[in-house]
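Each chain, written out:
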Amino acid sequence: MTNSAAKPVLGAVSDQKVTERARGTALFEERFLASHKRVDRLFAYLMMLQWVAGIILAVTVSPYAWAGKTHTVHSHVFIAVFLGGLITAMPVLLALKRPGWETTRMVIAVAQMLWSALLIHLSGGRIETHFHVFGSLAFLSFYRDWRVLVPATVVVAADHFLRQMYWPESVFGVLVPESWRFLEHAGWVVFEDIFLLISCITSVTELKTSAAQQAHIEFVDRLEREMEIASTIQTSILPRRLKVSGLDVAAKMVPATEVGGDYYEILPTKDGCWIGIGDVAGHGLRAGLVMLQAQSAAEALIRSVPEDSPSSVLCGVNRVLFENVRNRLGSEEHMTMSLLHYREYGHIVCAGAHEEAIVWRAKTRKCELIPVKGTWLGAIEDIAAATVETTIALGEGDLLVLYTDGLTESRNDKREQFGLPRLCDLVEKASGESVEIICETIVTAALAWSMDRPDDDVTLMVCRQVGIAARAAA
Amino acid sequence: MIDKNTAIRARSDRLFKALTLVWLILVLASGALMWRYKMTGGAPADAPARWPTGLDFPRAEGRPTLVMIAHPKCACTRASISELERLLSSGGQNADVHVLFVRPTGTPDGWERSDTYARASQLPGVHVHSDIGAASAKRFGAHVSGETLLYDVDGALLYHGGITGARGHEGDNAGRSRVLALLQGQVADRRDGPTFGCDIGEQRSRQ
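If you read the sequences in order, they're chains Y and G.
Using my numbering, read the first sequence as starting at 19 and increasing by one per residue.
Using my numbering, read the second sequence as starting at 100 and increasing by one per residue.
Think of the hints as simulated: they come from the structure by calculation, not from any bench.
Where is the CB? At the ideal position from N, CA and C, for every residue including glycine.
Some hints here could point you the wrong way.
Stated by the list, open to error - Computed beta-carbon distance windows for the label pairs:
| hint | chain 1 | residue 1 | chain 2 | residue 2 | range |
| --- | --- | --- | --- | --- | --- |
| 1 | G | L118 | Y | L180 | 21 to 31 Å |
| 2 | Y | A71 | G | S188 | 27 to 37 Å |
| 3 | Y | Q231 | G | A128 | 42 to 52 Å |
| 4 | Y | K55 | G | A106 | 20 to 30 Å |
| 5 | G | A106 | Y | R243 | 36 to 46 Å |
| 6 | G | L125 | Y | A52 | 29 to 39 Å |
| 7 | G | A128 | Y | A52 | 33 to 43 Å |
| 8 | G | S188 | Y | Q231 | 52 to 62 Å |
| 9 | Y | I216 | G | V286 | 45 to 55 Å |
| 10 | G | Q283 | Y | K55 | 55 to 65 Å |
| 11 | Y | F179 | G | P207 | 46 to 56 Å |
| 12 | G | L125 | Y | F149 | 22 to 32 Å |
| 13 | G | T204 | Y | M183 | 34 to 44 Å |
Using the sequences provided together with the hints, build the complete structure.
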């Protein structure tokens, strides 16, 4: 089976941005629809209220039609009941059965303006009732959809047109109005429409912004949760048991972000242990995931052949990383890694590209720097030719200090590096303490140097050779 | 399953759109009927060309006389009184104005004293009369509440018809404009107009 979708999973931030935008759009549409449904319901209630008000108005203002002393129910009452009911029926039906539908709000817009006309009629043309037109337009803007203003305005325009044709005085106050008078009346409606239009567009923009912010918050929350999980996983795979025959070991890692790209390992063997330290280029989730792969590969190889050589294990880890990171993930992460095979009589074979190892000699009370030769893991397919093994011999009480560049290159506010000399100086000064205190002292000093804001992950391992003299005596 | 639901939804949408179209047609048709009813006046008055005799009140000397026939309980009378008020406040105050509230035969005393009667009584310079059995209304040949007649200083008929634009509808209208023009000595396009109001309900007879 071939995997044609070999796109860079670790570099999928742009994909996540697309997902965030899609979520923002979905949230906007969801809220816009909910808003439309809510306003539809409001209008359904308003329509019924207007119907009742229309009937009350008709019964109050013109209950009867008279012919001398006899009377019958006035046509206004029938008009209020039946025409009012007819105008109300369709928008209420649509608001109940098709809330949020575009046609629903268009019908509501038309019906609302028809109600304006009917109420004006039932009130006997009271000038105050004409305010219903402007109030209705404002109410329609609750939809935040400027398009509903179009049918509403068309109804008003049609009403004006018919009145100009058949009863111009009712609109314009004179029998033969000037031709531009229609523009004056239409102008006031358009005047309100313009402001409502601006209001609708602004409101929609704000809703979109709010939805985008919500989507971003959700995205960040999810990312933080995922980072937390990744951090927990990474922390849980760090070695918990640092007890090794012949060696006191202390180690500490301080990631620059939730997930670090540094690596350290202690794998005890029958006659000593394997020690590993490494650093993936960069830090964060991507670096942490590569580190996890390197750790898994190294542990699997060492546990399967504990007596293997460090260079052989490193070549195996390199093949795993190169295949997974370069070929499958399509990414370019790479890392430095040193593996040290320690035997309890103080003999160490190490290989791999990493920072120089520091060996503090108990006899001289001075630090020595031991270069570790090799090349990056994950950069090329085969590193066998570039991987050279080096040996180190530890005497009783000697300290082996391994670290990542996050420690030596941490910078203070003047952008000065912590530096290897300062590290060696600290090792020499604290050499009389336990490995745990030495480790804590150095890491604390490095963090203080960077004002607790390290640019990169900081890892330190301090090992002290012990027990040679006791064994010799035994 | 999704396709089936989509098809059902699409069919439902078409149904609602068709219903909307029917609704719109029904509303427009009903609106047209309402408009027609509203704009249809009552029977025109057989207005005498000269000031009639036998009235309970005299014609004013030296100025025009305006008479309005009103049914006290007709909803349209409210609009007619409002328009009369506007007429008087916009240049028509030089006329001697009489509003005759018809009290049909067989109705008790005070039957005609409605809210519109009270309102008309409060208009400055307006004489309000109870027209028992529509006796005076008959002399003016009026059949419909809101009928307004304007006689000049010599007792000649200048205008007869309504001063509202539609049934029970306040607002500027041709009838009021014509009366105002005539009162101000101008020429009106017509000397009559439709009257919108209730039937005053008495036998038609003019003396």
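| task | Could you work out which earlier hints the structure fails to respect and list their numbers in ascending sequence? | result | Violated hints: none at all, because every hint is consistent with the structure.
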